[in-house]
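Using this note's numbering, the final residue of the sequence shown is 124, and nothing's skipped along the way.
Hint data in this document are derived by calculation from the structure and do not stem from the laboratory. Heads up, the beta-carbon is just placed ideally off N, CA and C, and yes, glycines get one too. Hints should not be assumed to be uniformly reliable.
[Unchecked claim] The calculated label-pair distances, taken between Cβ atoms and stated as ranges, are: (1) Thr36 to Lys80: 13 to 21 Å; (2) Phe62 to Val86: 15 to 23 Å; (3) Pro12 to Ser107: 32 to 40 Å; (4) Val32 to Glu3: 14 to 22 Å; (5) Gly104 to Lys52: 40 to 48 Å; (6) Val35 to Glu56: 18 to 26 Å; (7) Ile22 to Ser66: 33 to 41 Å; (8) Phe11 to Pro34: 29 to 37 Å; (9) Gln65 to Gln38: 16 to 24 Å.
[What the hints assert, rightly or not] DSSO-like, lysine-lysine: derived pairs with alpha carbons at most 30 Å apart: (10) Lys80 to Lys90; (11) Lys95 to Lys117; (12) Lys80 to Lys95; (13) Lys95 to Lys4; (14) Lys4 to Lys90; (15) Lys87 to Lys117; (16) Lys61 to Lys4; (17) Lys61 to Lys80; (18) Lys80 to Lys117; (19) Lys87 to Lys52; (20) Lys52 to Lys117.
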Amino acid sequence: MKEKTSFLVTFPNPNPERDYTIIHTAPEFTSVCPVTGQPDFATIILEYVPDKICVELKSYKFYLQSFRNEGIYFEAVTNKILNDFVKICKPRYMKITARFNTRGGISSEIIAEQRRKKLKKKFV
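Using the sequences plus the hints, can you model the full thing?
In C-alpha cells form, the structure reads like this:
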C-alpha cells in the first residue's frame, strides 16, 4: 500500500518571515467505520501557520481521498492527518478539526493540534 504522505506535495512558503494562518476546508471527506463497515462523512478543516513549507491543494485532496475505503476511527484519522502534515511541512502551528456527520443521533467533532514550544501566540 502506498504511504499516504507520498500524496502530499509542498512548495516554499512565499513569506516565511511572517506568521500568517492558512485554512483549508474539505467538506467531502469519507472513510469507513471499522465496526459497521458503513461510510463516514466529514468536513476536515486544516488550519496552520507555515514555517518554510506550504502544502499544495491538489495533493491535499488526493491525500484525503486515500482514506475513502479505509476502516478507521474518527479519533485515529484526525490524529493521523495531523501527524502526517506535521511530518511533511513542520509548521509553526497546526490544527485539524474533523466534523463528522451525525450517526445514530450523535454528531462528533474531533480537534487535534500541535504547536512549537517557542511559538507563544495562539492562532485560534
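Query - Enumerated hints in conflict with the structure, sorted upward - result: Those not satisfied are hints 6 and 7.
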